[in-house]
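With chain A held as given, fit chain B onto it using these hints.
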Amino acid sequence: MSALIELKNVSKSYGDLKALDAINLSIPPGKIVGLVGPNGAGKTTLLRALTGELDYQGEAKVLDCEPRTQRAELMGKTGVIHDIAVLPSWMKVKELLTFLEGIHPGFHREKAESFLKTTTIPMDKKIKTLSKGMKTQLHLAVTLAADTKLLILDEPTHGLDILFRKQLYTSVLEDYFDEEKSILISTHQIEEVEHILSDVIFINKGKILLYASIEELAERFTQLTIPADQADELREQLKPMSEYGILGRRVFLLENTENKALVGLGDTQTPSVADIFVALMGGES
Amino acid sequence: MKPLIILLKREWLEWKRVIIGTIVVITFLNLLMLLSVSRGSDFFHEKLDQEGHIVLDDFQFNDEEEVDLDIRMNGNDVEITIDGKDTPRSVEQMLSKVAVPIAFGLRFGMMGIFAFVLFLSMFYFSDAIYKERADNSTLFYRSLPVDDHMLLGSKIAAGLIGVIGLTLFLSLEYLVFIRIAIWIMGEPFTSLASLILSQISYLRLIWDWFGYLIFAAIHMAPMALFLMLVGTYVKGRPLLIGIGAPVLLSISWAIIFQSAALLKTIGKFFWGFNQVLIDQWEIMEKGLDTDMTIYGNFWVYIFNVDTAISILVSALLYYGTWHMYRKNIPTG
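Protein chains in written order, with this note's numbering: chain A, 1 to 285; chain B, 1 to 332.
These are computed hints drawn from the structure, not numbers from a lab.
There could be a bad hint or two in this list.
Unchecked claim - Pairs of lysine-lysine, DSS-like flavour, derived with a Cα cap of 25 Å: (1) A:135 x A:125; (2) B:9 x A:125; (3) A:111 x B:2; (4) A:94 x B:2; (5) A:125 x B:16; (6) A:31 x A:207; (7) A:111 x A:128; (8) A:92 x B:16; (9) A:18 x B:327; (10) A:77 x A:8; (11) A:31 x A:181; (12) A:128 x B:264; (13) A:149 x A:181.
Values in this document were obtained by computation on a predicted structure and should not be read as measured data.
Only chain A is shown next, with the shape it has when bound in the complex (with noise of 0.2 Å):
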């Protein structure tokens, strides 16, 4: 099976800001990829570029379609959700609905309508005066109810309380993903998404820094937490790539280290996603 986005020195410019530098990246189908990055790390742009939004140079395939050229044929087989409320403004819930039917050939409206049953969004409001939430659950609803094979959402909770950010995710995860189906998702709120994600790319200053799955992650490093006064004597052994003091104790994060040499030492332990993209993000600055 051809891979599900393919980039090949992919570069995007603004001047003199390279908002992606030569990006080379394969991801395969059937994925949930946490595209992870701080501000202004090139993370929307990359996504932009994935669907044809903005131009670049180099060259990419995103579900065997050329993002630049054949958007629109690409835009049927992928959904997007963006970090802000793009819905428009003037449009009714119902007539957006009808526009969708009309406009995209696999959109379900009755699945959009059973999912926004489940909500309290009213049908006959105009977008304008909905919430922040309500926006964001009515994009969330038109674009599970459309036949897609690829969802990407930009930032999706971004700017929504503790209980849209959950409902959200539960949301796409029961139902809109399958095997056949793939996600990128973009965050800087790494541990809200980390226990759906299959595959992390970790990216800054328009930089790949690292493209792996959770089990890589998991095998490569490894977090030790040791007593404070044994931290000299163990820094200069195990050399790790970040530490920090918690309640007395020094916690090392190493990278590719066998857990046998690390026996005896102290507590060991699969690293978070957030504790290994500081630690990397902490060799980068």
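Positioned in the frame of chain A, the structure of chain B alone reads:
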């Protein structure tokens, strides 16, 4: 084809309040016309009842000297005599002359409607993309399986259909109101005006008017696309900038280079369609003795160099609009 129809429906949904509002305003103006006609009619009928005749002082036929028009009513017969002329005129001669101000009234009303719709269309074209940028919905529309050219084309098509369709609809409404006004006027005016209006082929009138609207649309397309282009770029007030910037540039040019060439060129280009109308009016007025046609045949004007220039300029502006639209520059 289906996506285009759906996108046109979207434009209708978004702008229907403006369209319905325009129809309400024009209908209200037509009703005001009926009211003033009714009051004028009452005045003339009272005079006719009291004096047996009405004299329209200083009535001017076309460019001829002013005369007094004396209208008398004997039962159902209407007698009209013209004072101030040695040779009495035949009724046919006189009707053909009276037809000129009626034709002018019809033209003036329909041109007024067109000018009003054209004025509103400037808001449409300047806001067509700007409003999408302002509420970020460009990102939504571009996340749909629809080509950019289809998205932009639907906006241009909606604008053209809106301007031409609304003008034709309101023109027809105006003609209906004119007929009602003539009916309200009562005898002898109703018979007199009906005699003149019966010489008009309404089908021909609308067809000629449609030809003119197509011609005008082609010549106004560069301005419409220029406003759309401005709407893809500016941070705010697209109409003000779209109109103000070229005017300011032209005035600056005139002052700095002491030449009004740019101002004249822009003016000549955009008002070229107006000159066609004036030319046709002059031709028609010369020929009104034999043929009662309100507008001439504008279709012949479509195939000329100005049209080719308009289409070329429009194509360039469209390319610029498409290029900028894809950039989706945020508004202020």
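Hints, one by one, checked against the model:
no. : hint          : verdict
1   : A:135 x A:125 : 12 Å, holds
2   : B:9 x A:125   : 19 Å, holds
3   : A:111 x B:2   : 22 Å, holds
4   : A:94 x B:2    : 19 Å, holds
5   : A:125 x B:16  : 17 Å, holds
6   : A:31 x A:207  : 21 Å, holds
7   : A:111 x A:128 : 23 Å, holds
8   : A:92 x B:16   : 14 Å, holds
9   : A:18 x B:327  : 17 Å, holds
10  : A:77 x A:8    : 21 Å, holds
11  : A:31 x A:181  : 7 Å, holds
12  : A:128 x B:264 : 45 Å, violated
13  : A:149 x A:181 : 5 Å, holds
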